[in-house]
Amino acid sequence: MNRTVLLWLAVGWIGFLILPWYVIEDGFWGLDWLFDGYPLDRDFGPAWAHWLAGDKLWLTPVPLFLLLPFLTWGRLKTDPFYAKILIFSGLGGLGYLAAQGFAIGISGWESTLLEGFYGATEKRQYGLGYGAMGVASAFLFFLTQGIAARGAINGDVFVVSSIGFIVAIVGAFIFFPVIQILVSALQDNEGAYSIGVFLVKFTDRKIWGLDCLYTTVGCGAAWNSLFLAIVVGASTTALGLVFALVATRSGFRYRKLLRALTVLPIITPPFVIGLAIILLFGLSGIVTQFISDIFGVEPTRWVYGMPGIWLAQMLAYSPIAFLVMIGVVEGISPSMEEAAQTLRADRWKTFTTVSLPLMRPGLANAFLIGFIESMADFGNPLVLGGNFDVLSTEIFFAIVGAQNDQGMAAVLAFVLLCFTLSAFYAQRRWLGRKSYTTVTGKGDGGTHALLPDRLRWPVYTIAFSWTGFTLVVYAMILFGGFVNTWGLDHTFTFKHYITAFSVSWEDHSLQWTGAAWNSFWTTVSIATISAPLTAAVGLLTAYILVRQTFAGKDLFEFGTMLSFAIPGTVIGVSYILAFNVPPIELTGTGAILVLCFIFRNMPVGVRAGVAAMSQLDKSLDEASLTLGANSWYTFRKVVLPLLRPAIIAALVYSFVRAMTAISAVIFLVSAEYDMATSYIIGRVENNDYGLAIAYSTVLIFVMLASVLVFQGLVGERRIGRREPEKAAPGALEQPA
Amino acid sequence: MPIQSKAASVTFDHVSKVYGRTVTAVDDVSFVVEAGRLVTLLGPSGCGKTTTLRMIAGLEMANKGRILIGDEDVTTLPATDRDVSMVFQSYALFPHMNVGENVAYGLNVSGMEKNEARDRANEGLKLVGLSGYGERLPSELSGGQQQRVAVARALVLEPQVLLFDEPLSNLDAKLRRQVREEIRDIQRNLGLTAVYVTHDQEEALAVSDRIIVMNNAVIAQEGTPRDLYEEPADVFVADFIGDANLVDVEIRSIDGDLAEVQMGPLTLTLPHRNLKPGIVNAAVRPESFLLSTAADAPGISGTVTKASYLGNHMEYAVTTDLGELFVVDPDVVDIIAPQSGVKVTLANHGVTLVGK
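Sequence order for the protein chains is A and B. Each residue of the first sequence is one higher than the one before, starting from 348 at the first, in the working numbering. Each residue of the second sequence is one higher than the one before, starting from 3 at the first, in the working numbering.
One or more of the hints may lead you astray.
[Stated by the list, open to error] Listed below are the simulated EDC-like cross-link pairs for lysine to aspartate or glutamate, each with C-alpha atoms no more than 16 Å apart in a straight line: (1) B:Lys8 / B:Asp73; (2) B:Lys345 / B:Asp298; (3) A:Lys424 / B:Asp83; (4) A:Lys696 / A:Asp800; (5) B:Lys358 / B:Asp236; (6) A:Lys965 / B:Glu62.
Hints in this document: simulated from the structure, not taken from any laboratory. None of the values given here were measured: they were computed from a predicted structure.
Assemble the whole structure, with the sequences as input and the hints as a guide.
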C-alpha cells in the first residue's frame, strides 16, 4: 500500500479513535483532559465515545469514509480505481464534516429549515478539536493524492497536496471569514436576512453624509477615509520620489544612511508615531506650548483630526513609498539617459522627457500602496482622530462601543473592503504584472544622470527637513518615556519603565511584577510562533506560484495575495464573526492571534519568496528531478537552502509585523492573551502617555535585536568562496 | 567499481505536445534512438527540439502518443521516476553544494550508502578529468570545468539515456571543440545512449551517430551526418546544414537514376531523387563553386561584389544571372579583387537536387 496514504490513514484514525473530537476549553496546548475522565467524559471524548454514548449519531458516516482508502490495498497508482476511491473518500469526508459542522451548532440545528424537517433536537456540538482536525486533514490529503493519481501536475503528490493544503487554509481563514462579513451585513440583529436592514445601515449618514460641506458637523466616515487616503497616497508618493532621487541621482555621500532610516517606521508600532505627534503638537505638546508662550496663542486641539492623522501616516508610510520608488528609479537603465544626453538633451530635458515618464508606473504603484495603507490604518486614527471619523475606527466602535452592533460593523467593513479591493484590483490590473523596470540583465555600465540644478535644491531641502522632522519624532519617542508627566512636569524619571518592566526576587523566585510583562511575553511568544509558520506558508505558496503551472493558477495567486488588501480591522471583525461559533471556535484563544498573523502577513512571505525564486534558474530544480529526486526532496535540498535571504526577510518581517500589529489584534485579544499593542492603546486611552511611550520604546529595541538574531540564526547562503579552514576533509556528506 | 552503461533505446511513437490550446511544440513525431548511439536533435530555435528532449526526460508530458525507454512505456512517468539524466545548458550545478556533493546528489537520492556514493562520485570526476576537485564550490571552477562536473553528475547514475540540452552554448569557441570531443569519447567508451540538442550544425555534424533535423514541430529529415549534408531532403535542410546556395535549375530529361539538368549555361548530370522534369532547386555547397578569372573560361558569368579574407579560406559574394552566390574558396594566395569578372563552374560533389 502507498506509504503516504497509509500515513494519512493513521492520522485520520488516530483523530477518530484517540484524540478528543471537540475543542478543549483549557486551550490548545492544555493536557489536563488526559487525566480528567478521558475517554468517556463528554467534554474530552474521542468521536467513537460520543457515538457509543448515543448522542452524536450523525458522526456515523465519518468512519465509513475513513475505511474507504483501505480499498487501495494492493492497487497501483495508475489504476483508475485507486484515484476514484481516494477522491471519493476525501471529497465525501470533507463535505460531510463541513455539512454536519455547519448544520448542528451549540444550540442544536443551525437552520430553521432543518429544524422543521427533522424536528427540534436537544443535541448540540461545539467547535471541532484535535480529533476532527486530524480526520479533516486526512480527508484533505486523500483527496489531493487521488487528484495526483489521476495525473494532475505530472502526478506529483507533494505539489498537489501543497496546493490543496494552501487552498484549504486560505479558504478557511481568508475567504470564509470575509464571506461571513457579507452574510452579517445582510442580517438584522435577530439573525434574519433582510436587504432592507442592509440598505438602511449602508445609507447611514455616518457613512456617506456630506454635512461637512455646509455645516460644522463632520462628513461621513467613507468620505473622510477616501479623502485622507488620496491625500496620503499622493503625498507619500511625492516624498518617496524625492528621497529616491536623493538616494540615486545625487552625489550625496550618506545615501546608505537614508536606507537605514527607512527601517525605523517598519519596526515602529504604527500608533507610536501618532503618540509622538501628540507629544509635539498636542494640547500640552512641546511645539504648542512653545508657540503659545511666545505668541500668546491659546493652545488648540487642531492636531486631533485630519491634520494629525495625515502627518502621522506620512511619517509611517513614506518609507514604503521610498522603497517602491527606489526600485523604479534605479531600474531605469542609465543607458537610456545617456542616450538622451548624447542626443543633445540637457539634464533638465533628460529628466522631464526620459526619466520621469519611465517612472510613471512606479508612481502609480506607490500611490496605490499608500492609499491602501492609509485606508487600513487603525492606530493613528484611534490616537489622533478626534471628531474625524474614518471607517477603520468606526468599525471598532461599532463592535466595542455602547452600540455593539455587529451588523453595522459588518456594513462598515464591507464599505472599507470595497475601497481597498478596488485599489488592489486597479493596482494589479494596470501594473501588477507589467515589468516597468528597464533592466535587461545585460551588462549596463553607465551611470545615472545627476539631478538638474533647478530640481536639486528643492529636492534636497524637502529631503533634509523631512529627515530632520523624523529624527525629532523619534527623539520624542525615546525621550517621552523618561519624563514624569508630559507637558506639565518634565523632570527625569524611570518610573514608567519601573511600572512596566520591574522584576523582583520574592519567595526564592523571580517575580515579573511589572504591569507590561504579561502582554509582553504573550506578544513575543505569539510572534515567535507565527513568524516561522508565516514564512513556511508564504514560501510554499511562492514555490507553487513560480515553479508550477496548473489550471486556476491566476485565481490561486489572487486568493493568496488578497489578504494584503483586506484591512486589519476587517480581518478582526470577520474573525470574530466567523470563529466565535462552531464548527471552528477560536475566539479568546492564542491560536486565533497566530492564525490572524499568518494570513495577514502571508503576502509578505509570498512576495519575498517569489522575488527570490524568480532569480533561481529553473534548471536547478529540473536537474534535481532528472537525478531521481522527487519534488519534496528538491524543495528541501535545493530550493530552500538557496532561499535563505528570502527566508530571513519573511521571518523578520512577519515577526515584526506580529509585534506591531494593532488593527486586527484589538478585536481578538482576550484577558488571557493580551498583546503589547492593545495594552499600549489601553494606556493611551487612559492618558497614560509616559507608560505607553516607554513600552513602545522597549518594543522598538526588542524588534531591532530580534532582526539581528534572526539574521544570525538563518545564516548566510553558502555559495561563495568558503573560508579555507572551514572546508573540512571528507566534506562529501550533505550539508547539515 | 567503474562506471558502466545500462544503455537503452528511446522510442517516440506519434508523440505530440501542445502548450495551452493552440501552440503546438511537437506535432506527431516518431523516431527511434538505438541503444549506445548518440543522436542529435538539430534545428532553429522554436522548432521543438528542446521540448522533445524534455519529454524524454519527463520534464514535459506528451499530450498524445507513446514514449518508450527500452521496452518500458514511460509516457506518464514523471522525471523523478525515469532512469534518465540530463546535462543542462546552464550546467544547473547546485551552488550551495561543493563539486563532490553535486556529483553524489543523485546517488544520495537513490539511497546509496554515503561512503560508496563518495567513491562513485570520485570515480565520475576522474572520468571527466577533475579528480581532486571534489571540495571546490561550483563558483570556483571555470565554465568548461563546471560543464564537466555536470556531465559527471549525470554519468554516475548510469542512466539508461543521457540527455544534453545545448551543453556547449555557454562556452567559448575553443573550449567548445574540446568539451564536445570529451563528451563524444566518454559516450563511445561507455557505450551510452545519448540524445543531444543543439542549434549549431557544425557541432551536430561533429558529434553525432545520427541527426534528427526538426523544423516547425516536425522532423524535417533524419540520417547520418553525411546523409544530411550530401542529400538534404528539402530546401530547409539544405540551407540549415552547411549554408547551401539554392539555385533554380531545370530537369530536362531522366535516365535511370540520373537526370540531365540545365543550370544557366552549364549542363549537369545528377541523381534525380524522384523529381519530375521541370524547374527545381539545386542545393550547391559554397565550396562546390569554382571561380576562374580567365576570360575565355566556360561557366556562368558573374561579378565578385564582396571578398572576405578568413585566414584559411576566402569568402566571395558573386552576382550572376542565377542570383547572388555565396562561394568559399580555399585559395588564399591568388585573391580575386571585388568588381572582377569571373566564370563560375561546379565541382563534382556537393550539388544536390531538392524540391521546389
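- Message: Of the numbered hints stated earlier in the document, which are not met by this structure?
- Response: When the structure is compared with the hints, none of them turns out to be violated.
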